[in-house]
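As you go down the protein sequences, you meet chains A and B in turn. If you read the first sequence in this note's numbering, its first letter stands for residue 1, the second for the next number, and so on. If you read the second sequence in this note's numbering, its first letter stands for residue 1, the second for the next number, and so on.
Hints may be right or wrong, so weigh each one.
Partner residues aside, some chain B positions facing chain A, computed with beta carbon under 8 Å [stated by the list, open to error]:
no., residue
1, GLU22
2, ASP25
3, PHE59
Simulated from the structure, these hints should not be mistaken for laboratory data. Built from N, CA and C at the ideal position, the CB exists for glycine as well.
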Amino acid sequence: MYGYEITQKVKDLTAGKIQLTEGALYPTLHALEADGILTTETEYIGKRVRKYYSLSSEGNKVSDEKVNEFADFINTMKFLLDIKTGIA
Amino acid sequence: MYTLSDTQIDFILDDIRRNGVELEDLQLNLLDHICCIIEQNLEDNGDFEQFYFSTRKMFYRHHLKEIEEETISLMTYKNYYMMKKIMMISGVVSVALMTMGIVLKFLHWPGAAVGIVLGVGVISLIFLPLLFLLKIKEQNQLKDKALTGLGTLSAICLTLGVLFKVMHWPGANMLSIIALAFLMCLYLPVYFFSGIRNPDTKTNTIVNSVLIITACGLILTLVRSPQGTRILEAQITSDYIMKDDLLKTEIALSRNNSLSDSVAVVAAGKKVFDLCEKMKEEIIQIETGKKTIDPNFNSEEQMIGITDFHQVVTDNPTAKSTYDALMNAVDDYNNKYANAGSSVHRLVLETANDRDFKSYDALTRIVMVQMFLLQNQRR
């Protein structure tokens, strides 16, 4: 996916609740690419160059780890907040 | 859907460049992104320029360059958390190594130097530089960054200076002087006067300044003043003259005694005695520039310095070969005298490797060897 496509996809999937800003998206994409987590392909459209980002094999592993970590965090928070609600 | 012309695309790319985005990759990404937004959202007959500028505004808070700064910062500090972790680990490791080294040093057990060198090395070359890098990331003003840099540099020089001093490595005094000069003359005044103006940092600044002055003061109390060194050197030199006078009396006394030793022992003894004289002459020559010490040395500044004997023999190959020859002659003498009875003094000469063995210690030891030698002959 290319940058603009990513922002639109996130917007659609979250029904507009999460809107990625360009100021956050591109620095992150460049850093992830430098880390070897993302691989890129470029397509020339007239005078424009479009860069498609995809997860590298290492990126897949990292992504799985991070998703699991996040799910774990959500579960913990849920548990924590349930108890809080219980007390209240 | 709006269709962009090549001129409009060039216009956007130029504008991105003009606004300080220099990374080509980022320029092209932003260009495609903006083009997509315009194509998707601008009516066919819409105002391109107005729409472009309002779109561009959504990309930043103050200026477009922010995206590039954030990109560079993310790429430079992608290891921010790793750096923090390494800093913590290096801190703990260095403290553990240093504690181990100091305990071993007090107990006079082997391995002390390894612990101290590694401990101080890790804190000076890993912990402090990482602390500096992480600290300046939190600071916005160039003045604060420069101050942190100066503080770190002084701290590194100070820790290395103390390490070099303990290990008897050259350059220790230079490092310590640079560290203390930086700390007291540059860092402290700037830190104090900039910190005291801000009510939030006033108390902390005063407390930290007092701590820095106290630490530097304590270090300086351990330093011998040039005047102190002069007094100590004068004492050492007059001590040596007195010992040499004692030796001269002993020599005069032995001349009146007939020698009871075998020819071989006498020859071995004479060799030791002559090499002792030669060695003393060489040490005095190195220390004072003259072959003998004038009894009025004080006025002529002709004094024996506080030099490591190890350094003397390392820097002077002649002195080293004389000392080696002397050690061999002493061994030879001791072997020849081995069966002569218990009343005979064994001659003992220190090897030059001990770092605390100074050149005046060597002189004293040589005079003692000569005295014992003469006493053995008078037995």
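A quick look at each hint next to the structure:
1. GLU22: violated (13 Å)
2. ASP25: holds (7 Å)
3. PHE59: Holds, about 5 Å.
Of the numbered hints given earlier, the model fails hint 1 alone.
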